[in-house]
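Sequential numbering from 1 applies to the sequence shown in the UniProt record's numbering.
It is possible that some hints are incorrect.
[As the list claims (entries may be wrong)] FRET-style restraints, in silico, Cβ to Cβ:
#1 V240 to R105: 50 to 58 angstroms
#2 N180 to V62: 42 to 50 angstroms
#3 I84 to F168: 44 to 52 angstroms
#4 A70 to R190: 39 to 47 angstroms
#5 K109 to E210: 19 to 27 angstroms
#6 V240 to E136: 38 to 46 angstroms
#7 K29 to V240: 42 to 50 angstroms
#8 L120 to V62: 17 to 25 angstroms
#9 K81 to Q115: 19 to 27 angstroms
Source of the hints: derived by calculation from the structure; they are not laboratory data. The C-beta atom is built at its ideal place from N, Cα and C for all residues, glycine as well.
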Amino acid sequence: MCYVHVAALVAEYLHRKKMFPSGLTAFKKITFNIEEEAAMKEDTGMQDVYYTEEVLLEHLEVCGEALWKAERYELITHIAKLIIPIYEKRNEYEKLSRLYDTLHRAYNKIMEVIQSGRRLLGTYFRVAFYGQVFFEEEDGKEYIYKEPKLTGLSEISQRLLMLYGEKFGQENVRIIQDSNKVNPKELDSRFAHIQVTFVKPYFDEKEAPEKKTDFEKCHNISRFVFETPYTLSGKKHGGVEEQCKRRTVLTSTTDDSRRH
Numbered sequence: 001m002c003y004v005h006v007a008a009l010v011a012e013y014l015h016r017k018k019m020f021p022s023g024l025t026a027f028k029k030i031t032f033n034i035e036e037e038a039a040m041k042e043d044t045g046m047q048d049v050y051y052t053e054e055v056l057l058e059h060l061e062v063c064g065e066a067l068w069k070a071e072r073y074e075l076i077t078h079i080a081k082l083i084i085p086i087y088e089k090r091n092e093y094e095k096l097s098r099l100y101d102t103l104h105r106a107y108n109k110i111m112e113v114i115q116s117g118r119r120l121l122g123t124y125f126r127v128a129f130y131g132q133v134f135f136e137e138e139d140g141k142e143y144i145y146k147e148p149k150l151t152g153l154s155e156i157s158q159r160l161l162m163l164y165g166e167k168f169g170q171e172n173v174r175i176i177q178d179s180n181k182v183n184p185k186e187l188d189s190r191f192a193h194i195q196v197t198f199v200k201p202y203f204d205e206k207e208a209p210e211k212k213t214d215f216e217k218c219h220n221i222s223r224f225v226f227e228t229p230y231t232l233s234g235k236k237h238g239g240v241e242e243q244c245k246r247r248t249v250l251t252s253t254t255d256d257s258r259r260h
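Generate the whole structure from the sequences, applying the supplied hints.
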C-alpha cells in the first residue's frame, strides 16, 4: 500500500494544480487510510518539487504491478480507471490493449480464487507493549499487526522477541501469549513485556451479510475480535458447565492495521 499512498499524493498535488481531475478521493476504495494524507500542505518544500502527469502514470503502473503480486486483483480495476483516460488521451492503443488484457486476467483470477478458496489474505494479531522504561511513549499502546498468509502466533511472537531482544537485550524481553487483560502494575518493571493475541475481523449483524467474499472480509476493515475463556467463580479452570467466553471487540484508528 506504500506505492498507492505515493501515487495518491502525486495525484493530489496535480489535482490541486488543476493538472489532474482526481486527487486523494480516487484512492479511497483502495484504502481508507488515504484520508490521512488529506493534511498535506503546500509548503515551500512542496513548491520546489514539480510533479507531472508522466510521474503519476509511472507510479500508477507500479501500483498495478504491486497489487497483482500481492494477489489484490479486485483493486487493480481502481488503478486502471485512473490510467485508462491518460492512455486514451495519448492514443496509446498498445498500452490500452495490454491494460485491458491485465484486467481480463485479473477478473479471471478473482473467479478462480473465489471458487478454490486458496487465496490467503493475511492473519491479524493484537500486539500490546508494556514497560515505560523500555517503550517510553509506546508504553500501554496496542496495535493490530497484519501478517502474511497463515502466520502463526508462535512465529510472530518469536520474531518480536528477536526484534526487541536485539534492542533491549534478550534477557530483558518477555512475551505474554494469553489474551487475559493485563494489569501493568502487576508486571515486573525490570522487563519489557509484549502481549500477542490472535484476532479476527469483526462485523456486526448489519455488516456481515454485505461481506460476501474473503476479500471483502479482509479489505478496508477496522474492527477485530478475540475471545478469552473465564469461569464465573473466578478460577482459571473449571468444569464444562462453568466455562464462559468473553468477547472483546477492538477498533483500529486506521483500516486493516496500524503496522504491517
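Inset, instruction - Identify every previously stated hint that the structure contradicts and give their numbers, smallest first. - result: none
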